[in-house]
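Here the structure of chain A is known, so what remains is to put chains B, C and D in place on it, guided by the hints.
Each chain is listed here by its residues.
There are 4 protein chains.
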Amino acid sequence: MGGSMLNIGIVGGTGYTGVELLRLLSQHPEVNIQAITSRKEAGMGVAELFPSLRGHVSLKFCDPAEARLDKCDLVFFATPNGIAMQQARSLLNAGVRVIDLAADFRIKDIAIWEKWYGMPHACPDLVSEAVYGLPEINRDQIRSARLIANPGCYPTAVQLGFLPLIETGAADLDHLIADAKSGVSGAGRNAAVHSLFAETADNFKAYGVPGHRHLPEISQGLSQVAARPVGLTFVPHLTPMIRGIHATLYARLVADVDLQALYEKRYANEPFVDVLPPGAHPETRSVRGSNLCRIAVHRPQGGDTAVILSVTDNLVKGAAGQAVQNMNLMFGLPETLANSHAPLLP
Amino acid sequence: MGGSMLNIGIVGGTGYTGVELLRLLSQHPEVNIQAITSRKEAGMGVAELFPSLRGHVSLKFCDPAEARLDKCDLVFFATPNGIAMQQARSLLNAGVRVIDLAADFRIKDIAIWEKWYGMPHACPDLVSEAVYGLPEINRDQIRSARLIANPGCYPTAVQLGFLPLIETGAADLDHLIADAKSGVSGAGRNAAVHSLFAETADNFKAYGVPGHRHLPEISQGLSQVAARPVGLTFVPHLTPMIRGIHATLYARLVADVDLQALYEKRYANEPFVDVLPPGAHPETRSVRGSNLCRIAVHRPQGGDTAVILSVTDNLVKGAAGQAVQNMNLMFGLPETLANSHAPLLP
Amino acid sequence: MGGSMLNIGIVGGTGYTGVELLRLLSQHPEVNIQAITSRKEAGMGVAELFPSLRGHVSLKFCDPAEARLDKCDLVFFATPNGIAMQQARSLLNAGVRVIDLAADFRIKDIAIWEKWYGMPHACPDLVSEAVYGLPEINRDQIRSARLIANPGCYPTAVQLGFLPLIETGAADLDHLIADAKSGVSGAGRNAAVHSLFAETADNFKAYGVPGHRHLPEISQGLSQVAARPVGLTFVPHLTPMIRGIHATLYARLVADVDLQALYEKRYANEPFVDVLPPGAHPETRSVRGSNLCRIAVHRPQGGDTAVILSVTDNLVKGAAGQAVQNMNLMFGLPETLANSHAPLLP
Amino acid sequence: MGGSMLNIGIVGGTGYTGVELLRLLSQHPEVNIQAITSRKEAGMGVAELFPSLRGHVSLKFCDPAEARLDKCDLVFFATPNGIAMQQARSLLNAGVRVIDLAADFRIKDIAIWEKWYGMPHACPDLVSEAVYGLPEINRDQIRSARLIANPGCYPTAVQLGFLPLIETGAADLDHLIADAKSGVSGAGRNAAVHSLFAETADNFKAYGVPGHRHLPEISQGLSQVAARPVGLTFVPHLTPMIRGIHATLYARLVADVDLQALYEKRYANEPFVDVLPPGAHPETRSVRGSNLCRIAVHRPQGGDTAVILSVTDNLVKGAAGQAVQNMNLMFGLPETLANSHAPLLP
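These protein sequences, in sequence, are chains A, B, C and D.
Reminder that position 201 of the first sequence reads as 201 in the working numbering, one-by-one numbering, no gaps.
Reminder that position 165 of the second sequence reads as 511 in the working numbering, one-by-one numbering, no gaps.
Reminder that position 81 of the third sequence reads as 773 in the working numbering, one-by-one numbering, no gaps.
Reminder that position 4 of the fourth sequence reads as 1042 in the working numbering, one-by-one numbering, no gaps.
Note that these hints are calculated values from the structure, not bench results.
Incorrect hints may have been included.
[As the list claims (entries may be wrong)] Partial selection, computed: residues in chain B whose CB lies under 10 angstroms from chain D:
#, residue
1, Pro410
2, Ala411
3, Ser531
4, Gly532
5, Asn536
6, Ser541
7, Leu542
8, Phe543
9, Ala544
10, Glu545
11, Thr546
12, Gly554
13, Pro556
14, Gly557
15, Ile588
16, Leu599
[Stated by the list, open to error] Residues from chain A that keep clear of chain C, each with C-beta distances beyond 10 angstroms, as calculated:
#, residue
17, Val57
18, Trp116
19, His175
20, Asn190
21, Ala198
22, Asp202
23, Leu276
Just so you know, even glycine gets a beta-carbon here, dropped at the ideal spot from N, CA and C.
Same shape as in the complex, but just chain A (with noise of 0.2 angstroms):
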């Protein structure tokens, strides 16, 4: 492979978002894969783990000890919460672009996570730095960024669908609502009862009402648009189905607007996010696979309560699709370079 292609290193990748990750990245044209480490899978072919890969990925999953990811341009993390925060700096220092999927650089307010997340922090000076990959609204820091925290699944559907409310200021800031419901992969390729067919077929059920991981990362996104602090009310649920997030937003109007005009004026420009026609209902479905995120607003009996439906694919642009976006700018390539393929339907 040519010298002037980007050199690319993978942390884990024994996960869904890990595959996603491998699947975009065997089909870039920029990109050649150096190395993907995994401790307990080392030696094991990737395609072996993975059989969708086989045929695209000739990799095997190697020893992080014998990577040389410091001789990477950029490195992915797909691995759990506070693995990146532990092996950036080094990277860093010898001079690698570093992308984490995880959440350890998603909060600027350590304090906050520690609490949700359950550990002290390891480098809170790279919180500092790290930019938060939602080129929707970070795309310029995105671009000349060392470090990137990708951000969550349900944040990414979930701001995405406030954005333009927020910055209008057209809402009642105090009592956001953010229904959201995912699918089960968004749970991980962890064995764990809860995420068992068995037990998440034919069934439906809401979690974490009391608090989830993702409500500080919300809160903190939308408080930084609004430039004060939002209120937010975030319940997640859990639907049968692999792929798929379905943000439904609600939020009281204060100032009359045109939501159909704000919305498509807002993301015009943006090539992954598709505001719908009046009326419309965006199916997770439509964007399976693809890096869109497809928003439809309502308001409901002309009454005073907004309702915005936005659907992301939670494995592409609610982690690995978003990730490559940000690998594009960084580098200067074609921001939907090999993350412009038609979704899967049906």
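Frame of chain A, contents of chains B, C and D only:
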């Protein structure tokens, strides 16, 4: 079968409400199903259409003309909207009591009914007489009713969830929000592209955000309890499961209230409403196949937004099971008779 | 509860077989569940683990040491393989009868058992005594048995499907083929990546083609009936549903036989085996939640290959329901007691 | 778009085969979709019907009269059976090449076709000319064909699975068994009760055991390869997934053969057939959205029964992807062009 048993007729019954009604009635010790009518399927054995009932129901569908429904004690209408209103009067005149599982008698305001259901109403006077069959509100009137309007599936879950808050005036009645999710059986057993497996599986979407027929039904019920009009935003969603409704309800609290105590007290004597312990998240499968409504109450981050979670099986407490509960009440039988089996999990 | 009721103990019971056994026993009019033991969950309410049982089972899991199982009339083992064989002898010695829902007593040849289950057997002499609990073959021995080996899920569906053909010698016994498909609950309620929703939904695969533990169990059963060894190819598959087994059986006919008449006659008096009319295709949902096995027989294009379709609910006739059927037989109760409810469809 | 690109027309295209064909062609660098016709949907934007294609396909469905299909290089028929045979001749006469994704030209024996498809054939002479579009058998004829009969979904998976065994004569050709399982999208995007979510989810069933239209197609293909009639028992099943076919094939070996070596050699140069390592079990999701057929071969217990596992995506290699593969061959393009993306897993 004995002369003291109830002679029951069923009109329609080729849909999911019908097969569920047959399942419950076939196991009811005080019921004799005299006839089930279907013009389209006349002559076909019920168990040919629904093989699950082989060995439990030996009836054939018969032509309405031959059914002698006027000899029944009670006739259930498990028909599309607009049928029961054509046939109820003659049955009532013959001394037969009627439970309509469709929507013909649910809305008291005829103009509103005609707007949402798109047809003129055939018997407005009977609408006045009809009792809305939600026993948790109208138990006494149900006992003596000749004509029952069996509630819709969403309205049952939403009203039971909001009821204690409305009764006590603890919520801002102008800005109630019901974010409801239904399994696909709620769309009925009609050939329709939007209910196909390949359209609904691995997918999630809202629908009817501008307006849904169950909105006026819920608004009517809550307004009656509040003794004033309420403002409600109702957003139904389709989720890839067969049975189940999950209503996530949001209300702004305007009084200090112990939600847990309030709900436990309100439903202490209700055989089919189960208030879960603090912190719980009811799953739809925990009521699958049963007449239960399970409810949990939350107040996230101690704020002023109450979050109520309410789950039912749309075909049981949301349709056939509630109809049997009403039947038991109407005929002085134990309210839970033939309706108290355990849910099927997993 | 009355002194004449059966006192029942359950060892284990935190898995799907356990919750199903509890569902059935909690509705059995002649049973008192005295204790359910689980070291791991001791002290937890059964209905906390399985909310579907709230209001039906008020027991807590207790430590085995406190359960006084020796005072029971009957103890069910709903445990992993290898547990019952450690505890059965002392219970039997105390006069307690035992039904093992795991595999410890199913295989008469100890060497074969030890090969497939990977451990030494603790009590080969009890294996000799144990009765294989398939009532359609061993009804009389079950009545008087002290120790029942409750059959596996695949073996029940496959043996009932092949039985009439084998008994009459109408098939080539050296080349039987059983292509079987199971819902995911058959893999149990254990945290395992291969049973996750995101691994099994929208997917279909065979597994264990080189060899599966149910192969020797089925071979043993068919060989006993044939009074000679049979040759069987058994291919299990995982299908994205919760419950259900569908066995598609292929046999070369070596005698002219009226398959429909043969099967109808063989099962005419079996309360839980339902032979469908000619041309039928049984669906797994037509037995969901019930103890039924429904069978259809075909001879495509009038050739010499018989195709038998046999469906069961793996948790009922394939596990807990059959155990209750065996219990009823052992204690002289009506065989179908508390086991004759209608299946849940849809 | 450039004059050197292929001008493509699509007749039909409102079904699942159509949307998949549009997904693939919209990403094909050498294709210009000139028109897509639908009498019923004329005037509707393709992306209105299939929102997944927003941003990828800007065409509207048009009336056939306006489509000027005679100006195309190639026309695909993604129509119900019986349409292509009415329109193919005039297109061929105009110099347009044709690929029919329906069944009109698949069966060479007109009497057999008319029996299974229940209508008289409109152009038997074109059936003789048509080339059966399975490149692994007919690659050279496809290159020069004017008219392609694109194979059915089951026939593709079954024939590719059996092919090496038949070619070498290693199997008993009188007793082949194909136990095949299909996702529900195989039934099409037609409003039909039997394809509803609530009818097919959490359920498994066989269908068409007495006879299925794909039986004569498979038999014809295998018989041509064998140069003698073969005896085949074909049992299709419906499994609750959207996409995917899993064929489990059984053959009695009549010669000693190294199955693994045989299959690897036969398919060594086939870009879309992947023979898995010994002991593997291909999953349908490992080919989801891709044009691959993955195959594993087994010989359980070293006996004389070969078990072949063959999986495809019914909408890709079983329909639209194979059609694109044929198109590439017909026009001298790289065979895998626009068809080599990685499968979507999970």
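Hint check results:
| no. | hint | in the structure |
| --- | --- | --- |
| 1 | Pro410 | violated, 22 angstroms |
| 2 | Ala411 | violated, 26 angstroms |
| 3 | Ser531 | holds, 4 angstroms |
| 4 | Gly532 | holds, 9 angstroms |
| 5 | Asn536 | holds, 8 angstroms |
| 6 | Ser541 | holds, 5 angstroms |
| 7 | Leu542 | holds, 5 angstroms |
| 8 | Phe543 | holds, 4 angstroms |
| 9 | Ala544 | holds, 4 angstroms |
| 10 | Glu545 | holds, 8 angstroms |
| 11 | Thr546 | holds, 4 angstroms |
| 12 | Gly554 | violated, 17 angstroms |
| 13 | Pro556 | violated, 18 angstroms |
| 14 | Gly557 | violated, 21 angstroms |
| 15 | Ile588 | holds, 5 angstroms |
| 16 | Leu599 | violated, 38 angstroms |
| 17 | Val57 | holds, 19 angstroms |
| 18 | Trp116 | holds, 24 angstroms |
| 19 | His175 | holds, 31 angstroms |
| 20 | Asn190 | violated, 8 angstroms |
| 21 | Ala198 | violated, 4 angstroms |
| 22 | Asp202 | violated, 6 angstroms |
| 23 | Leu276 | holds, 25 angstroms |
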